[in-house]
Amino acid sequence: MPKPGPSMPTEAPALQISKLQAWYGESHILHDVDLTVRRGEVVTLLGRNGAGRTTTLRAIMGLTGRRLGSIRIGGHEVVHLPVHKVAHHGVGYCPEERAIFASLSCEENLLLPPVLKTSGPAMSVQEIFDLFPNLAERRHSQGTRLSGGEQQMLAVARILRTGANLLLLDEISEGLAPVIVQALARMILMLKKKGYTIVMVEQNFRFAAPLADRFYVMEHGSIIEHFDANELQAKMPVLGSLLGI
Amino acid sequence: MTLFGVSAPALLSQLLLGLVNGSFYAILSLGLAVIFGLLNVVNFAHGAMFMLGAVLAFVGLDALGIGYWAMLVIAPLVVGVLGVALERAMLRFVYHLDHLYGMLLTLGITMVIEGLLRARYGVSGLPYPTPEALTGVLPLGFMVLPQYRVWVVVASLTACVATWYLIDRTRLGAYLRAGTENPRMVMAFGVNFPLMVTLTYGGGVALAAFAGVLAAPVMQVSPLMGQNLIIVVFAVVVIGGMGSILGSIVTGLALGVIEGMAKVFYPELSSTVVFVIMAIVLLMRPAGLFGKKK
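Sequence lines, in order, name chains R and L.
According to this note's numbering, the first sequence is numbered sequentially starting from 402.
According to this note's numbering, the second sequence is numbered sequentially starting from 215.
There may be inaccurate statements among the hints.
Stated by the list, open to error - Per the computed footprint, the stretches of chain L lying under chain R, defined by three or more beta-carbons under 8 Å from a beta-carbon of chain R, are:
no.	stretch
1	338 to 351
2	364 to 372
Said to hold, decoys possible - With the Cβ distance kept under 8 Å, some of the chain R side facing chain L (calculated, not the full set):
no.	residue
3	V484
4	P496
5	E509
6	G549
By construction, these hints were calculated from the structure, which means they are not laboratory data.
Don't be surprised by glycine CBs; every beta carbon is placed ideally from N, CA and C.
In isolation and in its complexed conformation, chain R is listed as follows (with noise of 0.2 Å):
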């Protein structure tokens, strides 16, 4: 198989984790992660609390401790890159606590990450704010005055200014009111249309499920299921005892 390179970028899946095993310290976290993400899919990591899905996002990014097996974005190995080169193969990572930056103003933060080396088109400042209407309002405040709702499209505003055209999302939806979430599930499906690779991790299964083309389901570190939106339904009474919901 010959390495795929810029020049076929099309052809090699937007994300392809194998064999991912990763540390925090002394604990071993992940185990023998594997797991596929076309591009234009939205995929969504569900599992309990502490099953293993945000070190699965901040494995992708290098933010764990040691890693061993194999990352490839677009089909490019990334496991072995230092942290602030991961980003520049076109990765957006919002994490849980959401890490606006208290130091800086709405504006500052949304234009904090750089514009990616290898990119898709970035949306501009403009088309931003046309998307998040409050953040515009909003943009001379201090970081940490914006609201929940706020900060949460602020993080994920500020990685679609990069270009980056995989999105890990982690807990989006979580703490915020229903209308915000409304909002943001109106925000994945525009992404959606608009092409990007989207992972999220949600433990609003309400919110995640009309979304995602496909489910993974994680236990101990470990993914135990994978199905698609169709096979939803009837994976039905298997989640209920997996994720007691």
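With chain R held as given, fit chain L onto it using these hints.
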């Protein structure tokens, strides 16, 4: 003319002296605060870097015939490069450890630098002339201001304000501020943060060397000159708090002036007044006047 029972020219000349010292406090505490914010290292070597700037100015003139203005650029560059080398070779291994390790390491670096220069130049003050262009005085009518002292205040404050602008108003500064809060996240966005940390240390110590060259004509140039200053500067940083760049500048200047005034009104207190203020501030506002509570 007298003010508060002291002749006005005497008061104003102490005020200017206070501002000169305050400028050094400001520029040094600023560098310390930026380095601490980003590297998590209490840079004890800051005084040695200040001293290196002054000694390099002396060596430049004495041995190589390089004048003041050229050394004002060259010395910070040389010390900046030295800082980059020290950061890469040693400091980066202590970031994740307790502050004590960084302090001990930089204290050790200080002793090596000071010891080497002491062996070569001794401890008595080395003479450094005021640059010719600034040997005059500015007549104000009722008193005269030595031009060089005015220049020191103007040059230091310009450097301080430029640093503040760089950190508070530019994109590079936004990376630095964000990195102070959450370096891993800044790296996850694709910013080569380790490189920025290295350059910040280089830049911080270059500022100290710049202050050292400024100080050469007004202080005794000696391998130990940094020691005397750095303790006061640490007190300034504690008083001002680590949170704010402008806070460092204001605190540095204010304490220089307070020290100068103490020399006029109660000379016995002049060398301890900064530490008395430090004790009071620590009791009332442990995070410092401009610091943010964690």
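Status of the hints after comparison with the structure:
no.	hint	result
1	338 to 351	violated (count 0)
2	364 to 372	violated (count 0)
3	V484	holds, 4 Å
4	P496	holds, 7 Å
5	E509	holds, 5 Å
6	G549	violated, 18 Å
Hint check: violations occur at hints 1, 2 and 6; the rest are consistent with the structure.
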